[in-house]
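Chemist: full-length UniProt numbering puts the sequence shown at residues 1 to 529.
Read the hints as simulated data drawn from the structure, not as lab findings. Fair warning: there could be bad hints in the mix.
To be verified - Cut-off 25 Å, straight-line C-alpha distance, at most; resulting in silico cross-link-like pairs (DMTMM-like, lysine to aspartate or glutamate):
1) 261 / 130
2) 32 / 73
3) 215 / 205
4) 86 / 130
5) 389 / 205
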Amino acid sequence: MSLFYVSFCNGDSTPTVTPTTTTTPPLPGAIKVRGGYILGHNLTFPEGNVTEYLGIPFAQPPYGYHRFLPPTELLEKQWNGTRECKTIAKSCMQQFLNESFEGYNYTYPRKDISEDCLQLNMWVPEHKNENKTSVVFLFGDGFLYGSPSLDLNNGSVLALKSGAIIVNLNYRLSIFGFAYLGDDSKVTGNAGLLDQQMGLKWINENIHLFGGNNKSITIYGLGSGATSVTAHLFSSNSNGLFNRAIVASGAITNIWQTNNKDAAYKLTIEVAEILNCTNETRTQRENQTIPIILAEMGRNESNVDENTKILVCLQNKTTDEIISVVYGIYNETIHGTKSNTIGIEFETVNGNGIKDVENYFSPHIYPFVPIDNDTVFFNGSLWEKYNNKTINKNVDIIFGRTQDELTYLMPFTLQHLNCTFNSTLQQWTNKNGTKDHKKNRCLLNDTDLKEVTDTIVDLLFPLGTNTSAFKSELIDIYNKTKTNKTEIEPRAKVARMMSDFFIHCRLAEFAEYYYNATNGTTNKNVYFY
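Could you put together the complete structure from these sequences and hints?
Modeler: Written as structure tokens, this is what we have:
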């Protein structure tokens, strides 16, 4: 006689990696997917019904020994009984930008944050069509924070209105998703991108069970989510997992969205040093603990390299300890107490104006982002693939951008120019009925415009010839920018310049690149808005 029980799609009852040996009958209406039986719940709207599945696991929980490592596939029978998927997918570990900016609050998950986060949310519309298209959303926010489970990412209404299955996919962020300790280590980098890839594989394997067609899948990314979408075009293991894409305000060719391996390794080691996990910094207690842990893993310390010892040490730190250190590095970078450039030589790849200079300095705002050369996701150099047009050419793509979208970053990056935003300042209401405070207006002048121009040119074109002439020409271009035939203020010029150089130019360039790569071969549809 077996004990009947119902487990939940997330919570303290998360199963271990050990397969269950008992059998409990599934609940009525449950669907068998990889991992076991799941049961959604019905949402009723005036126009129809949507079945909501929240917190479906698509990989093993990446905690403990699995922290920082590539994701591990679910067992065919991961849990016994039926998982009632009524609780939203947990958000992955992340640090919040404590900038007194209320406008950011809606982008931060405030509860249910866990390392056990490789889960997805799904909304299935009630339609007779059993060949539904699926739209898989990859959230953005710089690989630093964000969640598929924010209210603004709820896909129920979109599923109802579009008739498509909407899936919000989770992936690890920051150091948890993009730590790197070397190709010959277990921390081979880009675990966050591999999380996405495993989620896409789960969808391809199981979506037909919900009336979906795995030959009609669109992946849609915003910001760093769009960066991720374009990254999958260069990963052969992602080929065939989707056939359409929406790329909104991001591309993997944006220089601040990738690191090279040397920079990623140094950042990871910096965190390890601060946490006393390197050979030079480990305490006596930690040195005594590592052999015990390794013994439990069946390994002899004398045969284990230093990077493995660092990994074991970091895996035994609390998430709060790790996040605190990473946030400290970010905070030093963003506020100028630490250089926001990484002085590492990038690979020299000629052609198309992409990373064709040596001693390249990258303006990294977020410390941990994808690495551009690996053995697990790109399986080689991203830039060599780019120049050789080794890219998935069988995808219809819509590219899009938002005007002046980097204005949100100006209060963080231009504080030395008194461009700040502090929502705690007492505000007053102006004649238009909007709240305002003179210290929150980011009142830049022409001198500030010149300084920003100098910084951008020096960062992006460090070996350019005739730099002074180029800077003057650039300022002239933005000085001629007008709105309704009226000269715009320096602040607006800076906003447009930053948006162009850090997002729009690379996005437009990538759209043209993809069109040229497919034109005359697969002739896929490429749109830009």
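Chemist: Holds or violated: residue 32 and residue 73, Cα atoms, limit 25 Å.
Modeler: Holds - the C-alpha atoms of residue 73 and residue 32 are around 16 Å apart, at most 25 Å.
Chemist: Does the alpha-carbon distance linking residue 215 and residue 205 stay inside the 25 Å limit?
Modeler: Measuring from Cα to Cα gives roughly 11 Å; hence the hint holds.
Chemist: For the pair supplied as a hint, residue 261 and residue 130, is the alpha-carbon distance within the 25 Å limit?
Modeler: 45 Å, violated
Chemist: Is the hinted pair residue 86 and residue 130 satisfied, with a Cα-Cα distance of at most 25 Å?
Modeler: Given pair residue 86, residue 130 holds - Cα atoms ~24 Å apart, limit 25 Å.
Chemist: Run the distance test for residue 389 versus residue 205: straight-line Cα separation, threshold 25 Å.
Modeler: 29 Å, violated
In this structure, the hints that do not hold are numbers 1 and 5, in rising order.
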